[in-house]
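**Q** Working from the sequences, and respecting the hints, build out all of it.
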Amino acid sequence: MKTIIKIAWRNIWRTPMRSLIVIGSIVMGIWAGIFVVAFSYGLNKQRTLNSIQNSISHIQIHHPEYQRDYNSKYFIKDSEGLKSTLEADENIKAFAFRSLLNGMVSSPIKSNGVRIIGINKNQEKELTRIHSGLVEGNYFESKRRNPVLIGEALAKKLKVKLRSKVVLTFQDAENNIVSGAFRVCGIFKTQYTKYDEGNVFIENSDLQRLIKSEEFHQVALLCNSIDQVDSTYQKLKSNLSDYEVKDWKAISPELAYADEVMESWLFLIMIIIMLALIFGIINTMLMAVFERRRELGMLMAIGMNKSKIFFLILTETFFLSLIGAPTGLLLGALTIKLTAQTGIDLSIVGEGLESVGLGSVIYPEIQSHFYFYISVMVFVFTLIAAIYPSRKALNLKPTEAIRTI
Amino acid sequence: MEIIKTINLTKVYSNNGLEVKAVNHIDLSIEEGEFTAIVGPSGSGKTTLLNMIGGLDDITEGSVEIAGINISSLSENELIDFRLKNIGFVFQAYNLIPVLTAKENVEFIMLLQGVSEEERKQRSEYLLINVGLADKLDARPNQLSGGQQQRVAVARALASKPRFIIADEPTANLDSHSTANLLDMMAEMNEKEKVTFLFSTHDQRVIDKAKRVITIEDGKIIKDERR
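Top to bottom, those sequences are chains A and B. Oh and the first sequence: position 39 is 38 in numbering that gives the first Met the number 0, straight run, nothing missing. Oh and the second sequence: position 120 is 119 in numbering that gives the first Met the number 0, straight run, nothing missing.
Just so you know, the hints here were simulated from the structure itself, not pulled from any lab data. No incorrect hints appear here.
So, partial list: chain A residues that the calculated Cβ filter (under 7 Å) puts toward chain B:
1) Ile6
2) Arg9
3) Asn10
4) Met297
5) Ala300
6) Gly302
7) Asn304
8) Thr398
Computed cross-link-like contacts, EDC-like style, restricted to lysine to aspartate or glutamate with a CA-CA straight-line distance of at most 16 Å:
9) A:Lys1 x B:Glu116
10) A:Lys307 x B:Asp80
11) A:Lys248 x A:Asp226
12) A:Lys396 x B:Glu75
All residues carry an ideal CB built from backbone N, CA and C; glycine is no exception.
**A** Shown next as structure tokens:
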């Protein structure tokens, strides 16, 4: 066994350039595979986090009928009782009560349909990143009445600036049309242009004064970590039977679907890369077998049995992968370590990314178990790659092979 | 003691429907310790006969018995194992493993037999010293001349302690000096250690050394001369 391994090792260096090329392709393939996996994973994670941190939060609570037609008459009853329940749950990091109304924002030039979100500015600060995404103005620090925060995209669309006046029009709980003049106190920018264009934030007190109600439509909450969402959701769902409780997966099914299929998708990418790689390995090993027919014929003639011949070819194939795969994995890990800190600046296509909820800097990330899976895949695909050349070797007839020039 | 026996041994090659009898009903018996040359013109069937005796080629008709065992009755794996334990091969083109040293090449066959490391080391050194390569133990084949490589091949063939050695035109690629050295060495082994050699050759120098010369033509033995 030791000698066969020694022969296999020396055999792969008989044609060093060829071996180095195939090892190089394995390194590049695995490196590229890991990078694509990490990039895609980072991209998806960033999209999910952006959505959670800017708008949907981990869990939302509504009146059971509210999400059927978003009618503003469906308030959350007993908001004080709900507040106490949420404050008592140690998994909940922050929560905010919101009033939500669909309406219209108008500037002297243009109007746009928006969701008007009435917030408690202190609660919201703990929950979303709107306050830190201000590109102009301040976060409800003005002493003036009726301040409003609008997105940069909406400001451009309405052609309004900081301190411009806009009119918000909406229906109250009795379906009366209500209008109010608001002044732009801040312009925010998230990493999702559509969100910036379709949402405005006002203070709950201002909104409630206009609709003559002190109730809320939504409670959004964040858990301490995303891992606690499932248990918190189950607990709230069973404890708050008078409300509709939804986790982020139910609120935004497209995000949940992307999250679910991501791993399978990334595996598929790795499998495609591996398939491309094994053709390179098969080709190299077939050339090696073809060139060494006489030698293999001699080995069979003197008494080396087929299992040892198979083991020899298999070992040579494994050596190519054993050099290439760890190097590729290491290179991939280093690249991810580096880019996870610095990020990959894609601001050149930033607008396009922001239109789908992504920032222009992507932070690749890979879960450690992926390295294990990739190692197993390399092992399996190498085994597959070794089969055909080995079969070719085993099918050689010693007398014919020895006569080969 | 009879070591090789062929009975009605026949090999027919079929090429595009045309049948060629490379070996035609040969009955042959080789005794232990013989130094036999099989001679004949190119295409007379020498190599085919040796290949069938060595279990490397399928037999169309007849049988080969090695030390009383009919090798046609063995499965492919049994035949490989049988060759490993009973037959040494020396090929025209040496066919050493290029990535192993002379000593490792000789040891390799013993390794396949499961011989202990210590015994492998001792025997490979002993054999290489005996074939005159004491100073080339660690040389790789590409660092050896053709004659030296063929000596390593002979040492390798002897390493497995075979019942006999088949050598297919062992001197065909050697110069006259290397040929003479190799023949002297093999003759000495035959003389001293009673190693049985069976050659195929055109080389008159080999024929001159042989104790028995079997002449083949068109796949048939036309002359069997003992000296």
